[in-house]
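Model the placement of chain W on the given structure of chain F, informed by the hints.
If you want the building blocks of each chain, they are given just below.
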Amino acid sequence: EPEVTQTPSHQVTQMGQEVILRCVPISNHLYFYWYRQILGQKVEFLVSFYNNEISEKSEIFDDQFSVERPDGSNFTLKIRSTKLEDSAMYFCASRGGVGETQYFGPGTRLLVL
Amino acid sequence: GESVGLHLPTLSVQEGDNSIINCAYSNSASDYFIWYKQESGKGPQFIIDIRSNMDKRQGQRVTVLLNKTVKHLSLQIAATQPGDSAVYFCAEKSQGAQKLVFGQGTRLTINP
Numbered sequence: 001e002p003e004v005t006q007t008p009s010h011q012v013t014q015m016g017q018e019v020i021l022r023c024v025p026i027s028n029h030l031y032f033y034w035y036r037q038i039l040g041q042k043v044e045f046l047v048s049f050y051n052n053e054i055s056e057k058s059e060i061f062d063d064q065f066s067v068e069r070p071d072g073s074n075f076t077l078k079i080r081s082t083k084l085e086d087s088a089m090y091f092c093a094s095r096g097g098v099g100e101t102q103y104f105g106p107g108t109r110l111l112v113l
Numbered sequence: 001g002e003s004v005g006l007h008l009p010t011l012s013v014q015e016g017d018n019s020i021i022n023c024a025y026s027n028s029a030s031d032y033f034i035w036y037k038q039e040s041g042k043g044p045q046f047i048i049d050i051r052s053n054m055d056k057r058q059g060q061r062v063t064v065l066l067n068k069t070v071k072h073l074s075l076q077i078a079a080t081q082p083g084d085s086a087v088y089f090c091a092e093k094s095q096g097a098q099k100l101v102f103g104q105g106t107r108l109t110i111n112p
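Just so you know, the protein sequences line up as chains F and W, in that order. Mapping of the first sequence onto this note's numbering: residues 1 to 113, in sequence order. Mapping of the second sequence onto this note's numbering: residues 1 to 112, in sequence order.
If you are wondering where the hints come from, they were derived from the structure by calculation, not from laboratory data. Each residue gets a CB set at the ideal place from its N, CA and C atoms; glycine is no exception. One should not assume that every hint holds.
Sample of chain F residues facing chain W (criterion: CB under 7 Å; computed from the structure) [claimed, not checked]:
| no. | residue |
| --- | --- |
| 1 | 42 |
| 2 | 48 |
| 3 | 55 |
| 4 | 60 |
| 5 | 61 |
| 6 | 63 |
| 7 | 65 |
| 8 | 91 |
| 9 | 97 |
| 10 | 100 |
| 11 | 101 |
| 12 | 106 |
| 13 | 107 |
Pulled out of the complex, with its shape left as it was, chain F reads as follows (with noise of 0.2 Å):
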């Protein structure tokens, strides 16, 4: 069964350093999403993107906050210069053309010290 892939697992980085999480959506899905989750809270929205341009983004996504689509497979989410309360999992999500089910990947644990 097709699934989205995220790499890497876990990423610790220094405060103000730029990190890129990697996602690989499920093939011929047309919609894209990142979420986090803050241990032990809910999980938030950051971003979606479709059609090569970004669609909604909530006030998390700042400009510290960017995501690409490079090529015909990755999606990924960059954060320039990386604070304290980045801390978090990252979730990357997908979707088909039809129906709303967002599929989620197993996620990247960002710690930045």
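Below, chain W without anything else, positioned relative to chain F:
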């Protein structure tokens, strides 16, 4: 403002019993609802969803009920098994929006 929340943070049931997990939402514009299961260290796993033009939908051992009058959503799991132990999240989406708005989650524990 919009919010999706859960009545109970934890639920403990006996193996073999039925479980009911509840969720309240406040956004009248919500037209799509979904339940996810999250096991420790993993991503949310799709369980079942329902559109606002329905009030009940059944899957394998799971049923979702939607009461739009009181803005209430529930997930029923029949004959609960140890593998059902997880945190369950409801989420909703407004018409025209892309984002899912998640509730806080309910931790389901199965007693042998």
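Status of the hints after comparison with the structure:
1. 42: With a closest approach of 5 Å, the residue 42 (chain F) hint holds.
2. 48: This interface hint holds because 4 Å falls under the 7 Å limit.
3. 55: holds (5 Å)
4. 60: violated (11 Å)
5. 61: violated (11 Å)
6. 63: Where the cut-off is 7 Å and the nearest Cβ of chain W is about 19 Å from residue 63 (chain F), the hint is violated.
7. 65: At about 15 Å, which exceeds the 7 Å cut-off, the nearest Cβ of chain W leaves the hint on residue 65 (chain F) violated.
8. 91: Check passed: Cβ of residue 91 (chain F) comes within 5 Å of chain W, closer than 7 Å.
9. 97: Not OK, violated: residue 97 (chain F) not within 7 Å of chain W, min 13 Å.
10. 100: holds (5 Å)
11. 101: holds (6 Å)
12. 106: OK, holds: residue 106 (chain F) within 7 Å of chain W, min 5 Å.
13. 107: holds (5 Å)
Going down the numbered hints, you'll see the structure goes against 4, 5, 6, 7 and 9, while the others check out.
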